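Trainee: Listed below are the residues making up each chain.
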Amino acid sequence: MPSATIRPETQYATLHQQGEAAQLGMWVFLATETLFFGALIFTYYLYRISYPEAIAHASEDTVLWCGSVNLALLLTSSLTMVLAINAAAQGRRGAAMALLLATIVLGFCFLGVKGYEYAADYSDKVVPAVNFTLKPGEPPASELFWIYYFVATGLHAIHVTTGLGLLLYVFWRLRQRRVTAAYYAPIEVVGLYWSFVDTVWIFLFPTIYLAGRL
Amino acid sequence: MAMIAAEAEPTYLDNENTIASWLLTKDHKRIALMFLASITAFFFVGGFAATLIRLHLATPNGLLQPSMYNRMFTMHGVIMVWFFLIPSIPTTLGNFLIPLMIGAHDLAFPRINLMSWYVFNLSGLVLLYALIMGGVDTGWTFYTPYSTSFSNGYVFAAALAVFVNGFSSIMTGLNFVVTIHRLRAPGMTWDRLPLFIWGIYSVSIVMLLATPVLAMDTLLLAVERFVGTGMFDPLRGGDPLLWQHMFWFYSHPAVYIMILPAMGLVSELIACYARRPIFGYSGMTIAMMAIAILSFFVWAHHMFVAGISIYSAILFSLTTFFVAVPSAIKVFNWTVSLHKGAIIFDAPMLYALGFVLLFTIGGVTGLMLATLGVDVPVHDTYFVIAHFHYIMVGATVSAFFGGVHFWWPKMTGRHYPEAWARFAAILAFAGFNLTFFPQYILGNLGMPRRYYTYPAEWQSWNLLSSAGASILAVAYALPLFYLGWSLFYGKRADPNPWRATGLEWLTPSPPPKDNFEHTPTVLIGPYSYDPESDRYTTQDGVSHA
Amino acid sequence: MNVEAKEAKSLPFIIAWLVLLILAGLSVFSAFQRLDVWAPIVEFGVAACQALIVFLLFMRLKGPPSLKWVFAGAGFFWLLFLYGLSMTDYATRRGWPTGG
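Protein chains in written order, with the numbering used here: chain A, 1 to 214; chain B, 1 to 545; chain C, 1 to 100.
If we strip away everything but chain A, and leave its shape as in the complex, we get (with noise of 0.2 Å):
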């Protein structure tokens, strides 16, 4: 009966207040971080509105394959993600296990590409403050985009990163018994901060990559 043994905090008075509370939380938390990366982004769209010209120029540097095969990466490590979760609260462990080790890989696999592209991006000389050079016809403006990617990116595989800690923590917790059907509200908050780190490479996608690829 190793279910018997999660029992709610003192403040609570059943898990199931308990595991919706952590579920408010989670929600209360990711408005924060949406103003977070909404500031970030309000800077894109002002200067690619101000300086549309030397946006694009930058922005046809950028890699477009990494940036797609990561969107596709993390949108499918979404949907592994909820039939995780799905199957935690159905009880079938086994499968939730696999199905969250498959949302791990494919969340390395995302840093693997983005390590990739860092690469590229240094020999193409256009990190700020590193080594970046302007190309022949560029305006100079082109520099404030290539600072956006890099603080965007950076942030975003930072949170990829904190997500693949709480992964893996939730995949310890499901090995021993202590996530079941009785109580899955660890790995349905977990989910929800996943999913969301992928909705915001959902929004910065279009503007790191797409602009000037005509």
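Derived from the structure by calculation, the hints contain no laboratory data. Since no wrong hints were added, every one of them can be taken at face value.
Here are some, though not all, of the chain C residues that point toward chain B, as calculated from beta-carbon distances under 7 Å:
hint : residue
1    : Trp78
2    : Phe81
3    : Leu82
4    : Ser86
5    : Thr88
6    : Asp89
7    : Thr92
8    : Arg93
9    : Thr98
Computed Cβ-Cβ distance ranges for the label pairs, DEER-style:
hint : chain 1 : residue 1 : chain 2 : residue 2 : range
10   : C       : Ala48     : A       : Thr133    : 34 to 44 Å
11   : C       : Phe29     : B       : Pro186    : 49 to 59 Å
12   : C       : Phe81     : A       : Leu15     : 36 to 46 Å
13   : B       : Pro186    : A       : Trp65     : 55 to 65 Å
14   : B       : Gly373    : C       : Gly95     : 21 to 31 Å
15   : A       : Thr5      : B       : Asp534    : 45 to 55 Å
All values derive from a computational prediction rather than experimental measurement. We put the beta carbon where it would ideally sit given N, CA and C, even for glycine.
Guided by the hints, dock chains B and C onto chain A, whose structure is given.
Mentor: Chains B and C alone, transformed into the frame defined by chain A:
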């Protein structure tokens, strides 16, 4: 067995008293006391800088080097804003009282609450590092491009400290919002919540929605300072005003982060010491939520002379006037609440009355500054300094001191010495006005802020201000002594020494670890005081003589 | 549509995933079309659709606890204030953009 059951439950203070039991506690009451210790320490560090500033300005030639003067006012601003005023009421009284007032056994996320304290102190250490290494001379607003390209100071570390501090704010705000939504006792509906809880709720919303924008802004600043990118550099196409827009998107609401919990707190004090229900409860709650939301529409009134578009300035001037409406509603309601009350002039009430008066003065001068035509000549003068000190210090700090005295018996189980407390309250009010009223006059005469010297003919006003500051310093230091004394020698307190109506007074002083033996059931709204018969009814529906 | 995890089937999620991938393809395709000023709007619109699918289905925004859509929406709603009120300045400020 019967004998053990008859024994009182240990209080939250007695229940285990090892260092680890404090440092790893999940009890919101202990975390509140730990926050109280941290912010008191920062209050005196920030106060030390203020002391040096006023000493320096007592004479036109001063005692500090100009560069040192710049570092002092920056240190004063950064510490007082982020390390004292913003966390002051929420993290201490809010932390302590939210579960007690809504009838819960703890906050929703006790571990996050503890983490908030550690993150707060971590950010404080980063800031102290910046100060010890040589300080920052940009002012607390870190305006670009000075802060990114020219400043000779530890801007990076200070910006990092502000960034990390934001996490603490967000964790605390998140915890409060979820707690107030999910952990109210049976019968504690939204229209029965004490106004202090409404104040904390509205402030948590502002913290959650404003802080992330500042976090992104300071992050971009720190990156620009550290590696020399050009996001805010006009030479490279960046816009220095973009820093100001995002900074004030947070920092104007931050003023309301300081004042909203104070408004809620003062409502508690006024109702209890006037012995009558607060006038217009629902108006008060709507006004607080309105202030919270309107606070986001007004930020560019800090930038009227910074080079923003004149059309935008007109718009922001207009929206700023809207904030006056709910603020005025609150002042009217507090005043009417006193009418025909049986007023008791104890120390917390003296602080509360001081709050109302000083908030009104600060608010009305704020309207003057919101007027575009008036703001242009007095912008960046001592008029502005006086205005926001009336709100942040006159109002918020008064409310904070009033609240600490009011709930001191609940927190410690001991009474504070009333005579000393009244003396300190009156001294603070006198010292405050003496310090800051002359600054309105100086501002009107044209004395700019942040200058380390001034023409000799302004010395008398400056001297008056410095003299007032020394009185204020005594008034703020006094409680440290008599409250400290009361911890050991104060009279033991009953569960409800002030005959107040909130749920927090139903449990012993100090409360046991889990707050309530049985979760209370709420039958009526707060503030059932009757000044005629001098009876009151606590929120569990029991009437007392 | 019932999206409770307890009874959820896999098929709706797999269909949603396929739609998300198609939308991603559409987004990339649009980048190579002559859309001029409409390009960022179309791309942002596609992203918003994708985000909506993720929020509603993968993150079960509609399910209990009832208030979470308010919190989820608040972040996006508040961004409108930042964007809109800042743009009152940038749209009418003389000397902006500086030329870089």
